[in-house]
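Asks: Note that the protein sequences, when read in sequence, are chains A and B.
2 is the number of the first residue of the first sequence in the numbering used here; add one for each residue after it.
1074 is the number of the first residue of the second sequence in the numbering used here; add one for each residue after it.
The hints are simulated quantities; they were obtained by calculation from the structure and are not laboratory data.
Errors might be hidden in some of the hints.
[Claimed, not checked] Here are the computed distance ranges between Cβ atoms for each label pair: (1) A/126 - B/1366: 54 to 60 Å; (2) B/1103 - A/188: 50 to 56 Å; (3) B/1390 - A/12: 24 to 30 Å.
Note that the Cβ used here is the ideal one computed from N, Cα and C, for glycine as well.
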Amino acid sequence: MGLQLRSVEKTYDMNSVGVRALRGVSFDIDQNEYVAIMGPSGSGKSTLMNIIGCLDVPTSGTYVLDGSNVSDLGEDDLAEIRNEKIGFVFQTFNLLARSDVFHNVELPLIYAGMRPARRRKLAEEAIARVGLADRMSHRPNELSGGQRQRVAIARALVNQPSILLADEPTGNLDSATGAEIMEVFDALHGEGNTILLVTHEDDIASHAHREIRLFDGLIASDSCQSEAA
Amino acid sequence: MSKIHGSVEALRIALAALRANKARGVLTTLGIIIGIVAVVTTMTAANGLANNFRESVSVLGTDVLYVSRMPWIFQGNFFQFRNRPNLELKDSDKLARQLGSEAVVNPTDDTRRPVKYLSEVIENATVIGTTEKHMLVSSAVPEYGRFLTGYDVKFKRHVCVLGTTMREQLFGDVDPINKKIKVGRSAFRVIGVMEKQGSAGFFGGPDFDSQIFIPVSTFVKEFGGRHRSFAFAIKAPPGADVVDFEYEVVGEMRKVRKLKPNQDDNFAINKMDSLLEAFNNVMGVVLMIGMAVTGISLFVGGVGVMNIMFVSVTERTHEIGIRKAIGAKRRAILQQFLLESSMICLVGGAIGVALSFGVAAGIDRFLLPASVSLPIVIVALTVSVAVGVISGFIPAWRASRLNPIDALHYE
C-alpha cells in the first residue's frame, strides 16, 4: 500500500499573485519505509508535509494513500483520513495544555467514535509504549520537553496509523533528549511502522533509510532513486 | 453510539473550559441570570395571581347568574346605563315566582358601615344584606355557629354572621358567638363565623373574608331600601341547561321590568365567566410586559455570551487546530463550542432560578401567595439553554470552519 504522489503541484494565492510552493513532485513511499524529507526553508517541505498529512490538498496532481485517492476530498473526509491513517508529531508538541497525558493520547480515539473501555485500553498501551505509564495523569506543563514529545508520539501511535509524520520532532529539544526521541522512532520503525521525518538536520535525517531533498518546489535528489540508477 | 460518546466527551470539554474561566463565566452570565430571574418571577407572580383569583371567584358558582342594574364590567358608554331603574326587593319575589320553585333567587345589597365590638372599631366594613338562600348560591359555609335562616329574614332579627378576617379583627381569641356588636347604630348578635374564602381584593374585587352578613329585611330597615338597587343571585334548577336558563331569566326579567319588545334590557346579567374573561385580559397584558422585559434582558445576556464565545474561540484557535489535525470534524468542533455556550447559560439559568426562589419567597410574604413550580423551572432552564445555543452558534460555526493549518500555526 503506502503512498504515491504524482505530479503534485501546490499554488498559493497571495494577493492575487500565485506562489508555486510545489511544482510537480512525484514519489512513492512503501510500507515500513523510513524516509527523511529535507530541504532549506522555502523549498516546499511544509507544503509537502501538509499534503501528505491530509491537512491540505494539491492544486493539481494526485495523492493516493493506502490505495485511495485523497487529492480532492472535502474537509470532513480529510479529517477522517487524518484520524485513521496519519499520526502527527510536531516540533512544538501541540498537546492540549489543560488536559492530562491520558486524555491527550485518548483524543484521536474519541474523534474516531470509539467506546470508552476500548479507548482506555489502547491509550494506556500507547502511553506504556513510550515509557510514560507512570505519568498518565500529569499535565503537559508538568513534563519535560522529551516527555511531552513522547506523549505526542503516543498520541500519533494510538490509532495505528498507516504513516507517522514527524515535523522537526527534535527541533525544540536538546541533543541528548533529541537522540532519545530518535531512538523511539527507530524502534517504532523496527516494529513495522512507516515513518516520514521532515527535518533540516543531517544527523536526524541520517536515522532514516531514505532521503528526499527538495529545492524550490521540486525534488532535488532522492536517495532511493539514485541507488536504483 | 459514537454520537453519544462524542456528546459526553464534548460535555466534559465544555465543563473543563468553564472551570478554567470561572470568574469570566459568571460575569458573562449576569445578563442571563437577570433574564431568568425575570422569567421565573413573572411566571410565578402570574401563576400566583391566577390561582389567587380563581380561588376567590370560585366562591361564586359557575352555574349562578347575577342580575344587577349595572354590568360588572362596563363596555361602552356609562351614560346609557345611568338612567336604568333600580332593582327592588319586590322584583326579586316576582322573579322567583315566575322562574318557579326549583330556581333559587337570592337578593342582596351591600353598604359600608362602621362595625364595633367594645373598643375595637372597623370603619367602612362591608355589610351585606342577604337571605338564607345565600348558602345555596355560594360555596360559603359557616365555620362554626350558623348562617342566617328564613326566620331571621322574616322577623327582621338583628343577627349577623362574620367573615373570618372580620372575626379576627374584632374578637381576636375571644369566642364571638352570642356577643353583641354594633353595626352602624344598632346592636347585632353574632350567630356564626364563615370559613376562610380567600380574597379578590388584589384586583379591587371583594374581600369575602372581611364581610359581615345580616338579614336583607333588617338591612332595609336599618339602612333604608328606597334608593337601593339590589343584585339577584340566581341558581338554575338542578339539571337545567345554563345557557337556556340565562335566556329564561332575561325573558322573565323583561316581564318584571315591563319592557316592550322594542326596548333594550335595562338590567345586566353577570356571570363568573365574564370576571374570568376580564381577569385573563388583564393577565395577558401583564404577561406581555413581563415577557418584554425578560426578552430584553435575555437578549442582552445572549449578546454577552456571544461576545465571550468569540473571545473563547480566538483564544483557543491553536487548540482547534490540534483537534482538527488529529481528526476532529467540523461537527465535533461546532458541538464543542455550542455545548460550552449552553453550559455557560445553563449555569446562569440555574443561578437565576435559585435567586428566583428568594424573590418568590418575598412575593409570597408581602404580596400574594406564590411559589416557583417545577414546570416554571423547566421552562427557565430550557430557555437559558436555548439562549446559549442561539448566541453560541455564530462563534461555534466560525470555529468549525477554521482552516486546520492556519489554526495550528496561530499563536
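Asks: Does each hint fit the structure? Answer for all of them.
Replies: Taking the hints in turn, this is what the structure says about them:
The hinted range of 54 to 60 Å is satisfied by residue 126 of chain A and residue 1366 of chain B, whose Cβ atoms lie roughly 58 Å apart. In this structure, residue 1103 of chain B and residue 188 of chain A meet the distance hint of 50 to 56 Å, their C-beta atoms being roughly 55 Å apart. For residue 1390 of chain B paired with residue 12 of chain A, a C-beta distance near 25 Å keeps the hint of 24 to 30 Å intact.
Comparing the model with each numbered hint stated earlier shows that all of them hold.
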